[in-house]
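Undergrad: If you want the building blocks of each chain, they are given just below.
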Amino acid sequence: MTYFHFDIGERARHAGRFIGRVRGELLRALSERKSEIGFSQHGLAQKLDTERALINRQLSGETSLTLRSLADLAWAMDMEISFELKKPVTNAGQNQPMTTSTVGHGQIKYINGAAKRVSMLPAPANSELGQSKKSA
Amino acid sequence: MTTIEELVEANVISRIQVEMHPRDQGLRLLYGTPDFIVWLGELAKGSGPERRLGEATAAEQVDDLFNTFLSGQPLVYMKQFRSIRAEKNAVWELKTPDVRIFGWFLKKDCFVGVFGNWADVIKDHDLYRGYRIAIRRMRRELGVDETLCVQGVTPGDVLSL
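Chains as they are written, first to last, in our numbering: chain A, 1 to 136; chain B, 1 to 161.
Take these hints with a grain of salt, some might be off.
[What the hints assert, rightly or not] Derived pair list, reagent style DSS-like, types lysine-lysine, alpha-carbon separation capped at 25 Å: (1) K47/A to K79/B; (2) K79/B to K34/A; (3) K79/B to K123/B; (4) K34/A to K95/B; (5) K95/B to K79/B; (6) K108/B to K88/B.
Think of the hints as simulated: they come from the structure by calculation, not from any bench.
If we strip away everything but chain A, and leave its shape as in the complex, we get:
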């Protein structure tokens, strides 16, 4: 069986998923407030004295969120922000992340992939990681 590992590197993965998680949490909170008290984007815009279009772009991820705007949105929804940095905890039996990067090595990884498929891609300049790999 062939599969393609979409690997953008650990640093990029952390950044992208953090940004996505913040946005998801804002949307979850707004959805919750809407079902509780009918609070809407319009209500957010009114409370923050700004345009609804800006709120829409912030919530849809089409514009950057500053810490100030994040705090304002949370305040307008009457929600508290919980922020914490902690060391990752490894539990016995959990999945272990891979450490290689497609970006870093400039080549897509095919695990047990057909040679024909790999040849569709540019040859790696200098990377044995770029070769298709056979799994046991």
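Fit chain B to the known structure of chain A by using the hints.
TA: Chain B in isolation, oriented as in the chain A frame:
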């Protein structure tokens, strides 16, 4: 009847995976056609739209989208904020701020990506219809239009929410 395994064996589609958090398990399946996977490869190497809207890069957006999809997290919070949208002809669109991915659901929670492109390019050139037609044609040529294609127009038809 054609099966997903046969499509994979014939190299018509390949399974797509992303690095998942140790606490997460894959609850959905993601596949891509060869051309789509080539596009993903270019994306991973840094290609992106001329003018980016999102704070994350296009590749980061897609990685987050795939991780969200595969780990079974919500793709819809409110009607106006959703990462999935139904097109006509049982074609579905997965969305990030800057990227659009078109494909269909082989089965519930099992999506195959066929086309990926920048959101502004798709809007500027109105590529929606062309993608719909091409995807429907592909399904017919593969003989899976009736057997490996989830019909439906709401996310609940194609995703376990």
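Undergrad: Each of the hints needs a verdict: does it hold here or not?
TA: Results of checking the hints against the structure:
no. : hint            : result
1   : K47/A to K79/B  : 22 Å, holds
2   : K79/B to K34/A  : 12 Å, holds
3   : K79/B to K123/B : 20 Å, holds
4   : K34/A to K95/B  : 23 Å, holds
5   : K95/B to K79/B  : 14 Å, holds
6   : K108/B to K88/B : 17 Å, holds
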